[in-house]
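If you read the sequences in order, they're chains A, B and C. One rule links them: number in this note's numbering = place in the first sequence (from 1) + 571. One rule links them: number in this note's numbering = place in the second sequence (from 1) + 126. One rule links them: number in this note's numbering = place in the third sequence (from 1) + 2.
Since the hints were derived computationally from the structure, they do not count as laboratory data. We treat Cβ as the ideally placed atom computed from N, Cα and C, and that holds for glycine. Wrong hints could be hidden among the right ones.
As the list claims (entries may be wrong) - Below, in silico cross-link-like pairs of lysine-lysine (DSS-like), each with a Cα-Cα straight-line distance of 30 Å or less:
| no. | chain 1 | residue 1 | chain 2 | residue 2 |
| --- | --- | --- | --- | --- |
| 1 | B | 161 | B | 478 |
| 2 | B | 421 | B | 478 |
| 3 | C | 145 | B | 164 |
| 4 | B | 164 | B | 288 |
| 5 | C | 321 | B | 161 |
| 6 | B | 164 | B | 421 |
Said to hold, decoys possible - Here chain A is said to cover these stretches of chain B; the calculated rule only asks that three of the stretch's residues, wherever they fall, bring their Cβ under 8 Å from a Cβ of chain A:
| no. | region |
| --- | --- |
| 7 | 245-257 |
| 8 | 331-337 |
| 9 | 434-443 |
| 10 | 511-520 |
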Amino acid sequence: MDLSFLFFYLFAAVAVGAALVVVLNRNILHCAMALVLMFFAIAALFLMLGAEFIAAVQVLVYAGAIMVLFLFVILLIQIDRVQMLRFAHRQSPLVVIIAVLLLAELLYMIIRGTLGIAPGGADAAAAGAASGSTEAFGALLYTTYLFPFEVASVLLLAAMIGAILLARLDKEEVGGVSRQDMS
Amino acid sequence: MELTLPIPNLRAIMPELVMTFWACLVLVVDVLISKERKTWVGYLALVGTLVTMAFTLPLLGTRTSTFSNMFLVDGVALFFKFIFLLATALVILVSLRYLDIEGVNLGEYYAMILFATLGMMIMAAGNELITIYLSLELMVISTYVLCGFIRRDRRSTEAAVKYFLLGIFTSAILLYGMALLYGLTGTTNLTEIGRALQAKNLGANPALLLAMIFLAAGLGFKVAAVPFHMYVPDVYEGSPTPIAAFISVGPKAAGFAVLARLFLVSLPAIRPQWGTLLWVLCVMTMTLGNLVAMKQSNIKRMLAYSSIAHAGYVLIGLVVANEIGLASVVLYMFVYAFMNIGAFSMVILMCKRGDRGERIEDFRGLARSHPWAAIAFLVFFLSLAGIPPTGGFIGKFYLFSAAIQANYVWLAVIGVANSALSVYYYFRVTMLMYMSDPSGEIRLTLSPSLVFALAVMVIGTLAIGLYPSPLIAAARASMAPIFGP
Amino acid sequence: MMTDLLITIVKILVVFGVYLTMVAYLSLVERRVSAFIQDRRGPNRVGPFGLLQPLADGLKFMFKEDLIPHYVNRPVYLLAPLVALVPAFITMAVIPFGNTLPLFGRDIPLVIANVNIGFLYIFALTSMGVYGVVLAGWSSNSKYSLIGGLRASAQMISYELSLGLAAVGVLIVAGSLRLPDIVAAQSGLRWNFWMQPLGFIIFLIAVFAETNRLPFDLPEAEPELVGGYHTEYSSMKFAMFFMAEYANMLTASAVVVSLYLGGWQVPYLEQAGLPPLLLSLAQVLAFVLKVGVMLFFFVWVRWTLPRFRYDQLMRLGWKITLPLAILNIFYSGYLVVAKWV
Chain A
572 MDLSFLFFYL FAAVAVGAAL VVVLNRNILH CAMALVLMFF AIAALFLMLG
622 AEFIAAVQVL VYAGAIMVLF LFVILLIQID RVQMLRFAHR QSPLVVIIAV
672 LLLAELLYMI IRGTLGIAPG GADAAAAGAA SGSTEAFGAL LYTTYLFPFE
722 VASVLLLAAM IGAILLARLD KEEVGGVSRQ DMS
Chain B
127 MELTLPIPNL RAIMPELVMT FWACLVLVVD VLISKERKTW VGYLALVGTL
177 VTMAFTLPLL GTRTSTFSNM FLVDGVALFF KFIFLLATAL VILVSLRYLD
227 IEGVNLGEYY AMILFATLGM MIMAAGNELI TIYLSLELMV ISTYVLCGFI
277 RRDRRSTEAA VKYFLLGIFT SAILLYGMAL LYGLTGTTNL TEIGRALQAK
327 NLGANPALLL AMIFLAAGLG FKVAAVPFHM YVPDVYEGSP TPIAAFISVG
377 PKAAGFAVLA RLFLVSLPAI RPQWGTLLWV LCVMTMTLGN LVAMKQSNIK
427 RMLAYSSIAH AGYVLIGLVV ANEIGLASVV LYMFVYAFMN IGAFSMVILM
477 CKRGDRGERI EDFRGLARSH PWAAIAFLVF FLSLAGIPPT GGFIGKFYLF
527 SAAIQANYVW LAVIGVANSA LSVYYYFRVT MLMYMSDPSG EIRLTLSPSL
577 VFALAVMVIG TLAIGLYPSP LIAAARASMA PIFGP
Chain C
3 MMTDLLITIV KILVVFGVYL TMVAYLSLVE RRVSAFIQDR RGPNRVGPFG
53 LLQPLADGLK FMFKEDLIPH YVNRPVYLLA PLVALVPAFI TMAVIPFGNT
103 LPLFGRDIPL VIANVNIGFL YIFALTSMGV YGVVLAGWSS NSKYSLIGGL
153 RASAQMISYE LSLGLAAVGV LIVAGSLRLP DIVAAQSGLR WNFWMQPLGF
203 IIFLIAVFAE TNRLPFDLPE AEPELVGGYH TEYSSMKFAM FFMAEYANML
253 TASAVVVSLY LGGWQVPYLE QAGLPPLLLS LAQVLAFVLK VGVMLFFFVW
303 VRWTLPRFRY DQLMRLGWKI TLPLAILNIF YSGYLVVAKW V
């Protein structure tokens with residue numbers, strides 16, 4: 572008896588259900604919490620695939636850091652529920668029709684297409700089997716995938732500078748208030 | 127576990143290394159320099175692009191790959207890199223005075239431009255999905271920030287938010303396409319994807335078709351093809367004008383580079399399918415861009431629609447997708463860098479503090495008071511409309527003849543008809559400049575760097591039109607790696 | 003197979019029992035130590051030396067009226083105390099409280115789950131702890147709670163970076179993400195406490211911030227925020243937040259002990275020639291003692307230092323501990339390269 576099949580469907584259902592709540596619920600905080608639940612379900616799926624490191628990082632980064640930041644913003648700006656409601660209702664019927672069509676198309680193509688080909692280069696699978704997935708992951712990052720890894724670091728630097736640039740208050744813009752007064 | 131780090135061929139990524147170093151240098155110098163002298167940071171960034179160009183030159187003619195075949199040095203990549211660097215240098219030149227006028231003379235502006243350029247350079251050279259995606263994000267994130275650079279201006283912020291929201295959405299679609307490709311083939315390397323698709327005979331797999339559509343949609347947004355063009359007019363209108371010029375050339379060219387490489391190298395198995403898809407996109411893009419451009423009263427919006435139309439012309443080369451077709455794509459993008467940044471620079475010329483000079487009406491009677499400026503504008507418009515003796519004519523000529531040679535006669539016909547349409551709105555502005563009396567005093571914001579940049583662009587546009595053979599030879603030579611032995 | 007399962011269940015029960023008892027008595031310890039520091043007597047009436055006080059407190063909490071204000075967001079309001087409590091409990095699963103226990107002819111590893119990402123597991127769960135606070139703050143629909151929740155989320159994100167980066171030094175030295183391996187690497191006198199004093203100090207500061215203990219207790223700063231995020235809670239729900247604070251403290255102490263203070267290791271005790279069973283029990287005792295010292299330290303600091311101002315807190319987190327933590331990574335790399343470890 573292979574229970575993993577059962578668990579896969581359990582977690583997959585939770586993930587999809589939570590994702591639906593994120594999209595459909597009108598209370599933004601409930602959406603955020605559903606998103607956290609979805610991250611956990613996805614992490615569980617990663618665990619079942621033997622990718623413990625990715626699973627842990629999924630929880631750590633997405634649920635633990637990014638969503639906390641989201642919550643921070645939600646708490647800070649106190650989004651009006653009425654606004655949320657209007658936004659959700661403004662979709663025209665045409666959009667719904669196109670979305671349903673696209674979904675049907677996707678389902679058809681995915682069911683008809685065979686995605687069952689074993690992924691992962693031979694090197695990744697072998698390295699993963701030989702040692703813990705964290706080590707294999709690290710080794711791949713620093714050898715085969717060194718270049719994208721470095722590009723990612725530059726990307727993060729640029730994004731960080733950009734975010735600070737857009738968020739920073741200049742002295743002129745806040746009317747000559749000095750930093751000491753601000754804090 | 128003992129790890130042996132690979133020692134990659136760093137010579138091949140020298141231009142990118144120099145660019146990264148220079149962007150960081152600009153950031154550091156920006157902190158050290160006083161607020162009144164931020165323009166120096168701009169000059170420093172300009173030197174950076176020139177130095178990077180100097181480091182790119184020795185690579186010409188070489189063909190290598192490095193970092194486990196993830197980064198390619200070949201003719202296409204190098205040609206595109208020159209286009210990016212050229213566009214960046216021109217944009218920096220026209221920005222120097224503009225930032226003062228808008229009161230946002232911050233050094234980070236130049237650093238972000240350099241980061242965006244770095245992203246484009248890696249995009250053009252990337253031969254692996256993750257690399258391409260990350261560099262694409264590097265490019266677009268930098269441009270999001272640049273779009274919203276004038277923070278006190280609501281339109282600028284709106285442009286940044288729109289560009290950002292739609293941009294991340296299409297990035298997700300692009301990623302979905304990449305994930306499907308990886309799921310089908312088990313590799314992220316473009317060459318190996320192509321090989322695996324042939325070997326496993328996956329040409330008829332619906333999932334592959336789906337992946338192709340997603341990739342086309344994701345990249346279609348970057349090149350501003352219809353129906354992924356919705357953001358273009360608002361973003362171009364709201365962004366600082368030099369940045370509008372920048373994103374109308376740089377990301378567009380980078381998008382075409384990735385589109386060409388991805389489809390030609392990875393997806394030859396479904397060549398007829400993506401040929402049809404791009405054909406439809408191409409016709410829609412040209413026609414809609416030109417038709418809507420006629421109705422605009424804001425010159426930046428007009429140029430935005432014109433830039434959509436130009437994306438349509440360039441797509442002809444991708445539909446043809448043979449050596450001549452792609453050579454005409456890079457050729458056209460090269461010319462386009464000159465003429466389109468030139469046209470946007472004319473808007474910069476008109477802008478004053480508190481007034482961006484974006485109404486077409488503002489150009490009324492320009493020829494009377496400033497004949498030289500009017501002539502420059504005329505050259506750019508002639509070129510954009512594709513009239514000899516300008517570079518735009520050469521570019522379009524090669525695109526259309528490539529289509530005819532490859533039996534896409536109808537595509538060429540539609541392209542020519544569209545060019546004729548475009549003449550209407552370009553000449554509307556020209557007529558205003560030459561045939562009407564000025565409604566008031568026109569004062570231009572002249573600065574040495576802007577005038578220099580304009581001179582370069584006018585001369586470049588004309589020179590390519592009059593003596594195109596070296597450029598054509600270079601463009602065709604750059605295609606050898608894909609189609610050659 | 004069945005025996006293994008049984009052993010695991012017994013381990014869970016024992017650890018959980020001891021853990022809950024310790025959490026309960028921690029509140030007494032806090033009050034007694036604070037009384038000692040302030041030259042008072044503290045609770046000493048219920049049982050000998052007040053030892054039954056936690057029991058009395060528990061009873062009292064249970065029989066208090068459970069008020070749920072009408073303006074709260076009910077589902078989230080009810081969920082929040084649980085969310086605050088659970089992560090601290092389940093973090094204990096990966097912490098080794100001893101080496102192996104030779105019993106009935108088998109070597110029982112004294113850790114509930116030896117996961118190969120144990121370290122990341124701890125950090126993933128630590129980062130979950132903030133949800134309880136933030137959700138409580140939001141759902142209470144009161145300004146004090148909201149500000150408390152806001153402060154908590156900003157503070158915890160800021161210090162999580164230092165926490166993680168400081169601990170990377172430990173990882174570099176140990177070369178493993180398994181907690182038992184990390185403890186094993188600290189044999190003899192090679193505790194990370196000695197090897198990486200800088201990392202230890204940064205980690206300790208970040209741990210204080212993560213557990214919202216003074217001098218970092220801005221989310222519940224009573225002079226400004228009444229009770230902060232738990233202002234609107236009463237009865238057992240309040241008690242759960244109360245327990246969560248002590249549970250977090252206990253877990254954090256256990257983590258600090260495992261990462262920096264050698265875990266269950268007692269220097270050179272292995273060479274003393276004790277019988278295996280006794281040795282193993284002595285090591286467990288050592289672990290508990292070390293955790294006790296850390297807990298005392300927590301209480302000691304709380305009743306000694308004043309609270310930070312908010313900007314000071316942020317400056318300390320981003321401008322001092324974060325760069326130092328990165329410096330510590332380089333230092334740890336040097337330790338490895340120079341073969342000092």
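Cross-check of the supplied hints:
Restraint check: the Cα-Cα separation between residue 161 of chain B and residue 478 of chain B comes to about 21 Å, which is no more than 30 Å; the hinted pair holds. Straight-line distance between C-alpha atoms of residue 421 of chain B and residue 478 of chain B comes to about 25 Å, which keeps the hinted pair within the 30 Å bound. With a C-alpha separation of about 44 Å, the suggested pairing of residue 145 of chain C with residue 164 of chain B is violated against the 30 Å cut-off. Distance hint between residue 164 of chain B and residue 288 of chain B is fulfilled; the C-alpha atoms sit about 29 Å from each other, no more than 30 Å.
With a C-alpha separation of about 24 Å, the suggested pair residue 321 of chain C and residue 161 of chain B falls inside the 30 Å cut-off, and the hint holds. Restraint check for residue 164 of chain B and residue 421 of chain B: the C-alpha separation of about 39 Å exceeds 30 Å, so the hint is violated. For the region 245-257 of chain B, the assignment as covered by chain A holds, since 5 residues bring a beta-carbon within under 8 Å of that chain's beta-carbons and 3 suffice. With a threshold of 8 Å between beta carbons, the proposed coverage of the region 331-337 of chain B by chain A holds, since 6 of its residues qualify and at least three are required.
With 0 residues carrying a beta carbon less than 8 Å from a beta carbon of chain A, the region 434-443 of chain B misses the three-residue requirement, and the given coverage is violated. Requiring three or more residues with a Cβ within less than 8 Å of a Cβ of chain A, the coverage given for the region 511-520 of chain B is violated, as only 0 such residues are present.
Hint violations for this structure: numbers 3, 6, 9, 10, all remaining hints satisfied.
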